[in-house]
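> Order-wise, the sequence lines are chains A and B.
Those letters in the first sequence? Residues 1 to 627, per the numbering used here, in order.
Those letters in the second sequence? Residues 628 to 897, per the numbering used here, in order.
Simulated from the structure, these hints should not be mistaken for lab results.
Computed from a predicted model, the values in this text were never measured in an experiment.
Ideal Cβ positions, reconstructed from N, Cα and C, are used throughout, including at glycine.
Any given hint could be a false lead.
[Claimed, not checked] Simulated crosslink set (BS3-like; lysine-lysine; CA at most 25 Å straight-line):
(1) Lys-689/B <-> Lys-705/B
(2) Lys-326/A <-> Lys-313/A
(3) Lys-671/B <-> Lys-705/B
(4) Lys-321/A <-> Lys-777/B
(5) Lys-671/B <-> Lys-633/B
(6) Lys-648/B <-> Lys-381/A
(7) Lys-890/B <-> Lys-705/B
(8) Lys-739/B <-> Lys-689/B
(9) Lys-264/A <-> Lys-671/B
(10) Lys-890/B <-> Lys-37/A
(11) Lys-381/A <-> Lys-313/A
(12) Lys-542/A <-> Lys-502/A
(13) Lys-502/A <-> Lys-572/A
(14) Lys-854/B <-> Lys-37/A
(15) Lys-671/B <-> Lys-689/B
(16) Lys-648/B <-> Lys-689/B
(17) Lys-502/A <-> Lys-516/A
(18) Lys-648/B <-> Lys-331/A
(19) Lys-259/A <-> Lys-168/A
(20) Lys-633/B <-> Lys-8/A
(21) Lys-648/B <-> Lys-748/B
[To be verified] Ranges of calculated distance between the beta carbons of each label pair, as one might list FRET restraints:
(22) Arg-83/A <-> Asn-825/B: 43 to 53 Å
(23) Gly-249/A <-> Ala-802/B: 24 to 34 Å
(24) Pro-830/B <-> Thr-262/A: 28 to 38 Å
(25) Arg-230/A <-> Ala-802/B: 42 to 52 Å
(26) His-676/B <-> Thr-169/A: 48 to 58 Å
(27) Tyr-482/A <-> Gln-707/B: 57 to 67 Å
(28) Arg-235/A <-> Arg-699/B: 26 to 36 Å
(29) Thr-721/B <-> Gly-209/A: 53 to 63 Å
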Amino acid sequence: MTPTEQLKIVIVGHVDHGKSTLVGRLFHDTGSLPEGKLEQLRRVAERRGVPFEWANLMDALQSERDQNITIDTAQIWFHTARRQYVIIDAPGHKEFLKNMVTGAAQAEAALLVIDAHEGVQENSRRHGYLLHLLGIRQVAVLVNKLDLENYSAARFQQVENDYRAWLKTIGLEPRVFIPIVARDGDNIATRSGKLGWYDGPTVLEALDGFSATDRPDHQPLRMPIQDVYRFDHRRILAGRVEAGVIQVGDKIVFSPTDKTSTVKTIERWNAPATDRAAAGESIGITLTEQIFVARGAVAAHEAAPPYELSRFKARLFWLGKRPFAKGRNYKLKLATQELECFIESVDQVIDASSLAVVSRKEHELFVGRHEVAELTLRTRKPLAFDVHADIAPTGRFVIVDEFDVAGGGIIIGDNYPRRTHDAGTKSDNIFWSRGKVTPQQRAARHGHPGCVIWLTGLSSSGKSTIATELERELFNLGRSVYVLDGDNIRHGLGSDLGFSPKDRAENIRRVAEVAKLFADAGVICITAFISPYRADRDFARKIMPAGRFIEVHVNAPIEVCERRDPKGLYAKARAKEIKEFTGISAPYEPPLHPEIELRTDQLSVSESVARVLEHLQLQDDSSAISI
Amino acid sequence: MDHLSKLENQSIYILREAFNKFEHLAMLWSIGKDSTVLLWLARKAFLGHVPFPLVHVDTSYKIPSMIEYRDRLVREWKLQLVVGQNHAVLEAGTTFPNGRATRVECCGTLKKDALQQVLAKHHYTGVIVGVRRDEEPTRAKERYFSPRDKNMEWNVEDQPPELWDQFKTDFAPGAHIRIHPLLHWTEVNVWEYIERENIPVIPLYFANGEGLRYRSLGCAPCTAPIKSSARTVSEIITELRQTRTPERSGRAQDQESEDAFEKLRRDGYM
């Protein structure tokens, strides 16, 4: 006996466009009504002297009485010859968006109903937009009540053209548009003579043409770890394969900690033993080398890991009673990861009912209830994620405000770096302080350990600009931070020095020592010096504890720097008014292994700053985790 | 992936979420087919283990062979069993079979109150329950993770959104969460799975010599068998694929008033 196949569908559309009538007809026309139900409803209508309404059937099936509980999402079932369908009742009223989203998020396909007479309305657009956000790609649009338009092919075509054009702007392409009269059953289960000009599928044929979507196993592997069990003296990583395929012998990298191991076994209970599991399977795995992996880690193949960043762009809908506001912290849940997050910027707010852009005085500050927004989010630690359009299960997230899931979003594509740079080696804690305040106590006071961020690069490459922006960002994040700038140092600490190689070396030595003292005091010290010689920079690195010196190569081609030349120095150097000018008449030795390289001819200042911030956060994270 | 495997994988995912998120977790086991399938799924999720106690709310009016079956599985599957019972009401004798309470009142004290007592006693904050959406209209509105306030009440008008398998796992002190890993299964799916996995079910579900079988199990005084000739799991599946009679039609307390079951559920019934 073949098990019953099931497809979950959601029916959406504007109020009174005929959703409930359609459901009543679907039930009746597929012979799915309980015995005597239709006759009973007809008798009730007759007794009350009101016309029989198909729409009442749905309510009757749900036995909604005076309890007012229609507002929640409910489910009812019907059959075709092909399979069983679950209709998720997702109420269309604006105040029930929460329930509509809950219902629609479970659906594998959607029927979107539009009244031919009224045409495309606000909710037609809003629901289309939400289907897109929720990731539902199998959509049939039903143009209803064509009897009110004399079964006109022209009117149908007009509604189709209007709606199709609008859906295209959000990237949603319906499978089919079907002209129907739900009340009379035209084109529901059987083809309608009155709509004889239409030769596409009926509603039931369209439904049967949808596929019960399997999770995509042709995509890169993503297996978020749900839990770690220690059963029968073995350590088993439990999780569901969300995309791709995992096999015994696969070399696996766990993001965002970047630990690697190899799959030893795939674990199931009371099921045939196999050495392979595909998308959708909840399994356990054991590893050949024991490494520290906890809930939240995402297993992937080394060739195609997820992004690991703490800053990304998203499209989000908000359901919370309180607005989603900048300046507050929220919990973000993506697959099995949970991280603290906050808004960096709100790029656009859209009213979910009209889809008009909201112009609000401080519109960048919050997203209100039932609004949709495009925004940039930050997490306190790196998040392993994908762009939703590439791999949906690891490209969508919810936001928790206090105890409640208050919003959901999808991550949209951008020019992301794949990951933050390697964190470098771990701190050896070889601080030389012999005072009574330990480095750990200082770090606890500041909320972070001190370090040196050493910017090096040609004149006009952007060092000072990045240093001051970075200082401002870190300061705003509550960090203790200070910039040592080349010009300022030369006014005092280095005022006795010139620009000969020897004097340059001495200048940098002094800067390095001062930066080290700042770092010892617990401050994040940013230095912005050309520092052209590798040996000088290596000295600055050597006197710092491992992992606490971050060399940033601010790299732009000399032609670009020369074009910028805000102080006119390159012009003077070319005119030989300045001797020993780095890049023109003195050498620049680029770093061989900088922690970060910023191509400032390609990155904006804020992108450059963001990369440094991402690096810092990853480093905090990796030093917090011990194997 | 076939439909039953999809259902199974989703239920395993939910069980594992529950186990990760709740320190004081228990599973209700009514001895019926649904909670026994749920128990089987727990063994799937935890690779042969059941890492939390099973709570059986015993009204003392259960059909005797249910208790025998329960104790046998506890032994064979090495389960941790916690029995909840409303001793005060049973001693006072204010029950329906004694003619001193309506059916609904009796369910209220012997099941709902007994459950509340056992949850309080063991401080359970997460309770796994085997209800399904297709059983009954109020259950159709349930969430996978469904909060109950400190009075066990269910606020059906204001339920948390639930999407993309992100569940409500943050809650105010005093509240508890009902977890419903079988919510998306139908009655016929349950039997199809019993057949596929060869899960032992209590023989009361199969037609006896008089052409009667239980379709839904409860207390003896309030549960009636249905007319059926289905003697095997596969005959039950065939029967269910054709029937248009609701599953709980043999449960008398549901019929006592039009919204009896709805009221029971809002107040904290399973």
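> If a hint holds in the structure, say so; if it doesn't, say that too.
Do the hints match the structure? See the list:
no.: 1; hint: Lys-689/B <-> Lys-705/B; in the structure: holds (23 Å)
no.: 2; hint: Lys-326/A <-> Lys-313/A; in the structure: holds (15 Å)
no.: 3; hint: Lys-671/B <-> Lys-705/B; in the structure: holds (15 Å)
no.: 4; hint: Lys-321/A <-> Lys-777/B; in the structure: holds (22 Å)
no.: 5; hint: Lys-671/B <-> Lys-633/B; in the structure: holds (14 Å)
no.: 6; hint: Lys-648/B <-> Lys-381/A; in the structure: holds (21 Å)
no.: 7; hint: Lys-890/B <-> Lys-705/B; in the structure: violated (36 Å)
no.: 8; hint: Lys-739/B <-> Lys-689/B; in the structure: holds (15 Å)
no.: 9; hint: Lys-264/A <-> Lys-671/B; in the structure: holds (20 Å)
no.: 10; hint: Lys-890/B <-> Lys-37/A; in the structure: holds (24 Å)
no.: 11; hint: Lys-381/A <-> Lys-313/A; in the structure: holds (16 Å)
no.: 12; hint: Lys-542/A <-> Lys-502/A; in the structure: holds (19 Å)
no.: 13; hint: Lys-502/A <-> Lys-572/A; in the structure: holds (23 Å)
no.: 14; hint: Lys-854/B <-> Lys-37/A; in the structure: holds (22 Å)
no.: 15; hint: Lys-671/B <-> Lys-689/B; in the structure: violated (28 Å)
no.: 16; hint: Lys-648/B <-> Lys-689/B; in the structure: violated (33 Å)
no.: 17; hint: Lys-502/A <-> Lys-516/A; in the structure: holds (21 Å)
no.: 18; hint: Lys-648/B <-> Lys-331/A; in the structure: holds (15 Å)
no.: 19; hint: Lys-259/A <-> Lys-168/A; in the structure: violated (42 Å)
no.: 20; hint: Lys-633/B <-> Lys-8/A; in the structure: holds (13 Å)
no.: 21; hint: Lys-648/B <-> Lys-748/B; in the structure: holds (20 Å)
no.: 22; hint: Arg-83/A <-> Asn-825/B: 43 to 53 Å; in the structure: violated (25 Å)
no.: 23; hint: Gly-249/A <-> Ala-802/B: 24 to 34 Å; in the structure: violated (46 Å)
no.: 24; hint: Pro-830/B <-> Thr-262/A: 28 to 38 Å; in the structure: violated (48 Å)
no.: 25; hint: Arg-230/A <-> Ala-802/B: 42 to 52 Å; in the structure: violated (30 Å)
no.: 26; hint: His-676/B <-> Thr-169/A: 48 to 58 Å; in the structure: holds (52 Å)
no.: 27; hint: Tyr-482/A <-> Gln-707/B: 57 to 67 Å; in the structure: holds (59 Å)
no.: 28; hint: Arg-235/A <-> Arg-699/B: 26 to 36 Å; in the structure: holds (33 Å)
no.: 29; hint: Thr-721/B <-> Gly-209/A: 53 to 63 Å; in the structure: holds (59 Å)
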